[in-house]
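Build the full structure now, drawing on both the sequences and the hints.
Protein chains: 2
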Amino acid sequence: MRDAFHDDLDSIRLMLVEMGLMVGRSMALATKALLEADLPLAEQVISEDAHIDNVQHELDAKTLTLLARQQPVAGDLRSLVTSLRMSADLERMGDLINHIAKVARMRYPAKAVPIELIETVREMGKVAEQIIAKATSVIESHNLEEAMQLEKDDDEMDKLHRKLFLTLLDDSWSHGIEVAIDMTLLGRYYERCADHAVSVARRVYFLVTGEYASELS
Amino acid sequence: MRDAFHDDLDSIRLMLVEMGLMVGRSMALATKALLEADLPLAEQVISEDAHIDNVQHELDAKTLTLLARQQPVAGDLRSLVTSLRMSADLERMGDLINHIAKVARMRYPAKAVPIELIETVREMGKVAEQIIAKATSVIESHNLEEAMQLEKDDDEMDKLHRKLFLTLLDDSWSHGIEVAIDMTLLGRYYERCADHAVSVARRVYFLVTGEYASELS
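So the protein lines, in turn, are chains F and X. Positions 41 to 257 (my numbering) are the ones given, in order, by the first sequence. Positions 41 to 257 (my numbering) are the ones given, in order, by the second sequence.
Incorrect hints may have been included.
Because identical chains cannot be distinguished in the list, a pair is counted as satisfied if it fits within a single copy or across any two copies.
Straight-line alpha carbon distances no greater than 30 Å define the calculated BS3-like cross-link-like pairs of lysine-lysine that follow [said to hold, decoys possible]:
1) K192 to K72
2) K142 to K72
3) K192 to K166
4) K166 to K151
5) K199 to K142
6) K203 to K142
7) K166 to K72
8) K203 to K166
9) K151 to K72
10) K199 to K166
11) K192 to K203
These are computed hints drawn from the structure, not numbers from a lab.
This is the structure:
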């Protein structure tokens, strides 16, 4: 039989999963808004970031209350501290996705991404969605094997990021400096978003084992 | 008379101050390495990042131990949780400074920053140093008035960041895409570093008042 405290821990975990799902959905919509120059969709992503922030505040308040009232030790303490860190990662992922949507909005009605980079950005978006979905699943399952897999997906993101730079640096690049700046920043937003998802998985590793997953890096 | 627990809290605060000083020093050296294409200095900054990471791990381990053993409530609990968050900000600032040094190393023996941006980057470095120094002082003093000042310094950083983009986008820009990419990323590293310093100051606000400093933003 579970006590009230462990029910509370479960509900915190559920809120983290909810944040992960919100972030994943935003990532999908932001990439679509960016590639299709869809202004209403970009606006939707931008306004949904406030919801993600709200869930984080609620979650952190709940976590702090439990820390204060329950005085947890060992695994339970680790679980609460890790929740604070994961919620910070997820909140930051929301910010980065928000930045992606803002590039789409800034360039509207033009498309921010030139034709030769559409496929790369689409792939970056897809890999980011996958990593976020896996990180969310790891929050729910605490499955360490699944947590390790995220590093591989992150390698895929790094490859795409390099490919993006090679396209910008190719002699055939004809879109000038402004588009190159946009693409440099967009590449960074996708890559950092994936990094934070990997960081979520590492925190689950710490939560379960009590050790830092530095050997995963 | 202080008890052992409050001595421990003081020593955590001192470690955060130490991290702030390390980060400030690294920022000064990284900017110098970047502007002067000084490879040994860039290498020094890159290797010092590991020290910053070590202090963070030590600090977080100590904080977690205190959370577990002392079962603090109210202000003391807030102090420990905030320490974890500030150490994460400071560690991330170290990473960003590390990225700056790596750009210097990658372009050596050439200078990464073209002549018309030297002054802007020098200013960004100076403002970043000031913000880091103030954030470090706020960690030590818990002075809320001082904490508020950081927002103004951050406005200065944002102005410099915009100036950098205007230079890149000017018709007279003659350094091509690669330098524009470097400068876009460098601008982002300086700006994010300042953001994290502001975030440290906001956390002190939360620590002292128990409220989020959203009205500072």
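Query raised in the report: Broken hints, numbered, in rising order?
Result: Violated: none.
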